[in-house]
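Below, each chain spelled out in residue letters.
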Amino acid sequence: MPRAERPRRDWELTGSTLEGLLDCLGADRTLAGERYEQIRRKLIKIFEWRGCAFPEDLADETINRVAHKLEDGVELPEGSVFCYFQSVARMLVKETFTREARRNSALRLRPPQSPRVAEDQAWQIRLECLHTCMAGLSAAECELVVAYYRGERGEKIQNRKELAASLGIPMNALRIRVHRLRERLERCMQRCHGAGGAGETLRGPGA
Amino acid sequence: MTVRATPRRAVEYVIEPEVCARYLLADLSDEERAFVEGWLLEDDELFEVIVAAEHELIDEYLDGVLSADGLTRFEIHLARSHGLARRVEFSRALRSLVARPGRRRPDTSH
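Read top to bottom, the protein sequences are chains A and B. Residue -7 is where the first sequence starts when you use my numbering, and the numbers rise one by one after that. Residue 34 is where the second sequence starts when you use my numbering, and the numbers rise one by one after that.
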């Protein structure tokens, strides 16, 4: 795992700065709030895909910098707000890697090691959690997930094509449909695992 | 790929599975990467396509079907990213559960 230090927070988002940012994201406050959340979610993923440690912190730092620039009076042409977020994010990626390279070189760190395989017990808890979470899906959703992951390699690919055809949707739409269910399951599993495992949920307290 | 593209062409380019995989494996040029990120920030559907593509990539990793170069790139990323490591573990668990008949869905009817 990354041995990086947490990014320094250069800015804090005050009420008026946040208001300015939301104004820029839309006249309707609810819609602007949703856009804000969506931009943050995308930025987190972008930093993650770029291989940065602490993607959430970097996403927040990006938003803070953009908000402060807006407060300072930077005027963005209509529709260019995403470009602005992107250019600030790219700058932060560069800053992060430069800082990491300097730090790693100074400390002569070994390259990061692959994550360790989970201990048996933790693995069992995870499976129990997932099992419990699957129960939260409707029968049709559960069947879709099972059908999507059924089979090995080539057989699985063929199964997926047939599944898409049977649902009358293109492959990309099938992927997106399954990935949404997967994300729900993943969030549920994290909550369950964090709470100590499926047993808590299944048996209830005191059992 | 030219950086100036019409929205339609951009969408078609980004949703290509090969482009998604190469983006996720850091195998695009810096210019192409920036192009993809610009569009996925702007377009919610493209963003979902790339998130879904990451799941596919994790499957390919667990199936052992990534190319040698792809595997190296994936493992470099895996070593750096807590989020990816968590998703790989989740996929392992999901595949394991799906492969176990009768353990997919507890009976909640009573």
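Accuracy of the hints is not assured; some may be wrong.
Stretches of chain B that chain A covers, calculated by requiring three or more beta carbons in the stretch to come under 8 Å of a beta carbon on chain A [claimed, not checked]:
| id | stretch |
| --- | --- |
| 1 | 49 to 61 |
| 2 | 84 to 91 |
| 3 | 102 to 116 |
Please keep in mind that the hints were generated in silico from the structure rather than gathered at the bench. Note that beta-carbon positions come from the ideal geometry of N, C-alpha and C, so glycine has one too.
Okay, the hints, checked on the actual structure:
1. 49 to 61: holds (count 3)
2. 84 to 91: holds (count 6)
3. 102 to 116: Check passed, 9 qualifying residues.
Of the numbered hints listed earlier, not one is contradicted by the structure.
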